[in-house]
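Going line by line, the protein sequences match chains A and B.
Quick note: the first sequence uses the numbering used here, first residue 1, plus one each step.
Quick note: the second sequence uses the numbering used here, first residue 121, plus one each step.
Watch out, some of these pointers could steer you wrong.
[To be verified] Pairs of lysine to any residue, SDA-like flavour, derived with a Cα cap of 20 Å:
#1 K223/B to S58/A
#2 K177/B to S214/B
#3 K178/B to E108/A
#4 K223/B to T38/A
#5 K223/B to S66/A
#6 K157/B to A88/A
The hints are simulated quantities; they were obtained by calculation from the structure and are not laboratory data.
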Amino acid sequence: DTGVSQDPRHKITKRGQNVTFRCDPISEHNRLYWYRQTLGQGPEFLTYFQNEAQLEKSRLLSDRFSAERPKGSFSTLEIQRTEQGDSAMYLCASSLDWGLAGGNFYNEQFFGPGTRLTVL
Amino acid sequence: GENVEQHPSTLSVQEGDSAVIKCTYSDSASNYFPWYKQELGKRPQLIIDIRSNVGEKKDQRIAVTLNKTAKHFSLHITETQPEDSAVYFCAASSEGTALIFGKGTTLSVSS
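Only chain B is shown next, with the shape it has when bound in the complex (with noise of 0.2 Å):
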């Protein structure tokens, strides 16, 4: 089955700086890979996802490439903000499948 690996578990940035997170995943038949914030007790919450026909995608300061030779994908975060500190997961899926989410990765950014 499929398996997610995602690093850094934690990542301090200051205010302004670019934050990256990189996942890795198994199985090539996956073809859907989205990027979810969870709040403290809170919900996941879907920031952006890619499909695997697109390289690239961008929403304003948040992007995610994608990379199905080496099967790895990563979210970049420009100009971070205190209200961007949360967990990240990223996820893996194929056909409309379950989502097979990595451990998390905990940003915080200081002002």
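Pulled out of the complex, with its shape left as it was, chain A reads as follows (with noise of 0.2 Å):
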């Protein structure tokens, strides 16, 4: 399966507890991409990378919330002392840079199955 990857599909866990994320991007890509989303509503941003920098993060990521890209390849996504309000879906997704795709702006961003949190 060339696609994004995410583990674990699901993760329940106790008010309080840390949880970490994983995700794998296609391979070739050099962006990647976390994202929120709650039942009846669109994914929201969270936080990017291009290759191993991270470029921006939402104001929605508070400090209990890091997220790394050590090597530019997967990257994980670690919640701190979690709460009921973080139980959502966590998406990722990738994209290849426009610069890397012949100079023609290419932002066309790849999901995964997402991994589905539930905080008891």
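Got two chains here, each in a separate frame; can you build the complex from them with the hints?
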């Protein structure tokens, strides 16, 4: 499977616990995005990386959230001291930087299957 | 920052009819406008996109139009089929940054 993959697919945790999710992007994609989606809403942007550099963080991303992409390949999203309000689907997406696509603007983002987090 | 409004929130049509979903955006710097289809419990799937240098794009039964002056873009689905039933999201972004999504439209196609 050459698409975006995420692990785990489901996570149930108790309030106050820490959780970590992993995303593996499409291999040649250098941009990686994290979004959060709650029931009945569109995905909300959290943060994104170009290679290993974290270029932007949403104000939705509290200091309990941290994301890394240490070698510019896979990424992890950690939530510390989880709260019930963190329950959501966490989606990862990847895309190819426009400069690498021959100068044509190219931001087609491909999504992974998501990790559904339930905080009890 | 960018804000995307999407209407209607629900849309019911008969099989074979056309469906139109409309979105407006606020940031004039936005230049990329994709549409995603999401079936229950599945990931969003890109169905069509348009860039700011184009006013209209068509792919079989699906078309998207963009009016940069008015800052709105629309998705048109013709000859709808039951398998078109899903939630559709519009989004906007600029210069390859994060997508800002609308709240979604639940399309129901009855046979």
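Status of the hints after comparison with the structure:
no. : hint             : result
1   : K223/B to S58/A  : 18 Å, holds
2   : K177/B to S214/B : 19 Å, holds
3   : K178/B to E108/A : 17 Å, holds
4   : K223/B to T38/A  : 11 Å, holds
5   : K223/B to S66/A  : 26 Å, violated
6   : K157/B to A88/A  : 19 Å, holds
Checked against the numbered hints given earlier, the structure breaks only hint 5 and satisfies all the rest.
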